[in-house]
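Student: Residue strings, one per chain:
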Amino acid sequence: MPPFDRTLDKGAAMNLSDAQPLLQVRDVTLQYKTRDHLVTATYRVSFDVYRSDRFVLLGPSGCGKSTLLKAVGGYLPPVEGDITLKGQAVTRPGPDRVMVFQEFDQLLPWKTVRQNVVFALESSGRLKGKAADERAMAYIEKVNLARFADSFPHTLSGGMKQRVAIARGMAMEPDVLLMDEPFAALDALTRRKMQDELMQLWEDTRFTVLFVTHSIPEAVRIGNRILLLSPHPGQVKAELNSDGQDRTDERGLRLSDRIHHMLFSGQGVEEEAVVHG
Amino acid sequence: MANDTVLRPEYVRDQVQEHDFGVVQKPLTPWDRLYGNGYFRKGVILLVLAAIWQAYASYLNNPLVLPTFLATLQSFIERVASGELVGKAWVSIKVLLQGYVIGMALALLLTVLAVATRIGNDLLETLTAMLNPLPAIALLPLALIWLGLGNPSIVFVLIHAVMWPVALNTHSGFLGVSNTLRMVGRNYGLSGLGYVRQILIPAAFPSILAGLKIGWAFAWRTLIAAELVFGTSSGSGGLGWFIYENKNTLDIPAVFAGLFTVILIGLLVESLIFRTLEQRTIRKWGMQHG
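Which chain is which? The protein sequence lines are L and A, in order. Everything in the first sequence is counted per my numbering, starting at 1 for the first residue and increasing by one. Everything in the second sequence is counted per my numbering, starting at 278 for the first residue and increasing by one.
It should be emphasised that the hints constitute simulated quantities derived from the structure, not laboratory data. Do not take every clue at face value.
The list that follows gives simulated cross-link-like pairs (lysine to any residue, SDA-like), each with its CA atoms no further than 25 Å apart [as the list claims (entries may be wrong)]:
(1) A:Lys561 - L:Phe148
(2) L:Lys111 - A:Lys524
(3) A:Lys319 - A:Gln302
(4) L:Lys33 - A:Leu385
(5) L:Lys193 - L:Asp243
(6) L:Lys111 - A:Gly563
(7) L:Lys128 - A:Asn338
(8) A:Lys319 - A:Leu341
(9) A:Lys524 - A:Arg552
(10) L:Lys111 - A:Arg474
(11) A:Lys490 - A:Leu385
(12) L:Lys111 - A:Ile478
(13) L:Lys193 - L:Lys33
(14) A:Lys561 - L:Val39
(15) L:Lys193 - L:Lys128
(16) L:Lys111 - L:Ala149
(17) L:Lys111 - A:Tyr472
(18) L:Lys111 - A:Phe346
(19) A:Lys524 - A:Gly397
(20) A:Lys561 - L:Asp243
(21) A:Lys371 - A:Lys561
(22) L:Lys111 - A:Gly469
(23) A:Lys319 - A:Leu544
(24) L:Lys33 - A:Gln302
(25) A:Lys561 - L:Ser66
(26) L:Lys130 - A:Arg552
(27) A:Lys319 - A:Glu555
(28) A:Lys561 - L:Lys33
(29) L:Lys111 - A:Arg552
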């Protein structure tokens with residue numbers, strides 16, 4: 001049992017009809033060009049993310065989940081459909097949607113941990129000077145890196161770098177935090193620990209996060225809502241609830257087994273073992 | 278197959294306490310520490326080279342062709358003491374710095390244009406492809422016609438010598454900046470010059486520094502060559518002129534002393550300025566190792 005309670009408090013949950021979605025993705029088709037092909041990454045994908053959701057995009061490689069996240073980030077305009085955040089169409093990258101990437105080089109190597117967070121706050125115009133510094137330190141403490149605040153990124157381990165990136169993202173206090181397989185490059189033990197830490201952070205601040213992963217256990221553990229995408233091109237297959245416990249349903253199937261069947265039914269070969277993690 | 282494995286009992290061990298095992302770290306021997314010092318290693322190389330020079334020149338015994346290292350050193354010390362070499366070097370360095378700084382600024386302008394617009398990119402690629410292979414000194418006759426006999430002509434060829442290699446390196450550095458960093462920069466609302474200054478330049482700094490070093494070397498060569506060809510304009514020539522003058526009077530040790538000064542300034546700039554810059558930037562940031 002994890003040290004915190006993730007079960008949904010039914011009494012506190014809002015009525016669906018009252019709640020306004022924070023992020024709306026409507027019939028979004030995404031295409032990008034490679035050297036000789038025009039690739040359709042997703043086809044008419046729709047979903048709604050509500051405040052304080054831990055919304056997971058899950059699917060095998062080629063389902064366009066990362067591309068979808070980039071589109072929400074404003075890096076890629078949809079060829080069809082629209083993406084709106086608080087009713088405003090997303091047209092370009094902005095500090096109201098902060099990305100946390102998988103790659104460790106997302107930290108600026110020429111800035112210390114603290115400067116990396118301050119940089120984000122200052123160049124986006126959120127905070128200046130002392131206020132920025134204080135906010136940065138507060139979030140660095142949240143991810144337990146206060147001791148390393150003045151270290152340069154290259155002296156940190158992969159897990160620590162990802163923690164800095166998460167602290168930087170959270171310090172921005174964005175409307176939605178976009179996480180693109182942030183733990184995929186970490187070893188299994190660190191990964192597990194980071195997942196628990198992320199949940200703990202969520203317990204503290206209830207931020208909204210859109211989380212991309214190809215790992216079923218990670219999706220089940222992290223998400224309260226999981227969007228399953230099928231590949232080539234990415235289309236919505238299902239949207240499921242999770243309470244982090246991987247419970248069995250009335251038919252006696254675990255959530256992770258259900259997801260596994262949905263993603264791989266009618267498919268002889270399993271692409272990209274989705275079972276680890 | 279599972280039956281083929283050898284069955285062994287499991288065991289669990291307690292960790293050995295830190296004070297129970299001996300030395301984990303031990304200091305390096307003096308020799309290891311000395312050998313680990315780059316200045317020491319390079320100093321040894323220089324001493325060996327000087328010794329070979331001295332030995333060969335003594336064997337040759339013809340000061341008109343190759344004066345000994347000690348004779349060169351003596352001439353060097355005399356000329357430095359009289360202030361002549363220092364003055365000439367200063368004249369050279371002043372001109373050099375003008376060309377270097379303007380060349381650098383133009384290179385930066387060109388590369389910023391190149392990353393900002395597609396036409397700027399084409400412009401940079403075309404110009405560097407055309408002009409980079411052109412020896413700067415080949416432009417000197419033209420420069421003399423356009424700008425007259427004087428420092429402006431030399432500064433002009435220096436700019437040409439510095440600009441293209443610096444632009445080429447900076448540009449390839451900019452192109453090599455990882456997509457993740459670019460996206461991070463845009464995520465936090467950076468664009469235009471802020472984006473170049475806060476993301477591209479520091480991220481491409483290893484390449485930029487390499488370009489600056491190459492540019493520095495090209496500038497030195499071009500300057501000395503230009504002074505040799507063209508001599509002096511405003512009464513007090515630079516190091517190239519010093520070398521040329523002393524060759525005319527067959528004071529070969531002084532010629533060598535002039536060359537020696539060029540080398541010495543090169544070494545100093547490399548080991549003091551560029552090295553310090555490297556250590557304070559890309560090494561500290563973990564972008565360069567070794």
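Student: If a hint holds in the structure, say so; if it does not, say that too.
Tutor: Verification of the supplied hints:
Annotation: proposed proximity of Lys561 (chain A) to Phe148 (chain L) holds, straight-line Cα distance about 15 Å (limit 25 Å). Of the supplied pair hints, the one linking Lys111 (chain L) and Lys524 (chain A) is violated, its CA atoms being roughly 52 Å apart against a limit of 25 Å. Restraint check: the Cα-Cα separation between Lys319 (chain A) and Gln302 (chain A) comes to about 28 Å, which exceeds 25 Å; the hinted pair is violated. Among the hinted pairs, Lys33 (chain L) with Leu385 (chain A) is inconsistent with the structure: their alpha-carbon atoms are about 31 Å apart, more than 25 Å.
The suggested pairing of Lys193 (chain L) with Asp243 (chain L) holds, with an alpha-carbon distance near 18 Å, which does not exceed 25 Å. The straight-line distance between the Cα atoms of Lys111 (chain L) and Gly563 (chain A) is roughly 11 Å, inside the 25 Å bound, and the hint therefore holds. At roughly 71 Å between alpha-carbon atoms, Lys128 (chain L) and Asn338 (chain A) are farther apart than 25 Å, so this suggested pair is violated. Straight-line distance between C-alpha atoms of Lys319 (chain A) and Leu341 (chain A) comes to about 30 Å, which puts the hinted pair past the 25 Å bound.
The straight-line distance between the Cα atoms of Lys524 (chain A) and Arg552 (chain A) is roughly 34 Å, outside the 25 Å bound, and the hint therefore fails. As the CA atoms of Lys111 (chain L) and Arg474 (chain A) are separated by approximately 14 Å, the hinted pair is consistent with the 25 Å bound. The hinted pair formed by Lys490 (chain A) and Leu385 (chain A) meets the criterion: a straight-line CA distance of about 15 Å does not exceed 25 Å. Restraint check for Lys111 (chain L) and Ile478 (chain A): satisfied, since their Cα atoms lie roughly 13 Å apart, inside the 25 Å limit.
Distance restraint check for Lys193 (chain L) and Lys33 (chain L): the Cα-Cα separation of roughly 37 Å exceeds the 25 Å cut-off, and the hinted pair is therefore not satisfied. Distance restraint check for Lys561 (chain A) and Val39 (chain L): the Cα-Cα separation of roughly 41 Å exceeds the 25 Å cut-off, and the hinted pair is therefore not satisfied. At roughly 33 Å between alpha-carbon atoms, Lys193 (chain L) and Lys128 (chain L) are farther apart than 25 Å, so this suggested pair is violated. Taking the CA atoms of Lys111 (chain L) and Ala149 (chain L), the gap is about 10 Å. The hint holds against a cut of 25 Å.
With a C-alpha separation of about 15 Å, the suggested pairing of Lys111 (chain L) with Tyr472 (chain A) holds against the 25 Å cut-off. Distance hint between Lys111 (chain L) and Phe346 (chain A) is unfulfilled; the C-alpha atoms sit about 47 Å from each other, more than 25 Å. At roughly 46 Å between alpha-carbon atoms, Lys524 (chain A) and Gly397 (chain A) are farther apart than 25 Å, so this suggested pair is violated. Of the pairs offered as hints, the one joining Lys561 (chain A) and Asp243 (chain L) is violated, with about 45 Å between alpha carbons and a cut-off of 25 Å exceeded.
Restraint check: the Cα-Cα separation between Lys371 (chain A) and Lys561 (chain A) comes to about 31 Å, which exceeds 25 Å; the hinted pair is violated. Between Lys111 (chain L) and Gly469 (chain A) the alpha-carbon distance is near 20 Å, which keeps this suggested pair within the 25 Å criterion. For a cut-off of 25 Å, the pair hint linking Lys319 (chain A) to Leu544 (chain A) stands: about 11 Å separates their Cα positions. Between Lys33 (chain L) and Gln302 (chain A) the alpha-carbon distance is near 55 Å, which puts this suggested pair outside the 25 Å criterion.
A threshold of 25 Å between alpha carbons decides the hint, and for Lys561 (chain A) with Ser66 (chain L) the separation of about 33 Å lies outside it, so the pair is violated. For the given pair, Lys130 (chain L) sits about 34 Å from Arg552 (chain A) by alpha-carbon distance, which is inconsistent with the 25 Å threshold. As the CA atoms of Lys319 (chain A) and Glu555 (chain A) are separated by approximately 17 Å, the hinted pair is consistent with the 25 Å bound. Distance restraint check for Lys561 (chain A) and Lys33 (chain L): the Cα-Cα separation of roughly 38 Å exceeds the 25 Å cut-off, and the hinted pair is therefore not satisfied.
Under the criterion of a C-alpha separation no larger than 25 Å, the hint pairing Lys111 (chain L) with Arg552 (chain A) is consistent with the structure, at around 20 Å.
When the structure is compared with the earlier hints, violations turn up for hints 2, 3, 4, 7, 8, 9, 13, 14, 15, 18, 19, 20, 21, 24, 25, 26 and 28 and for no others.
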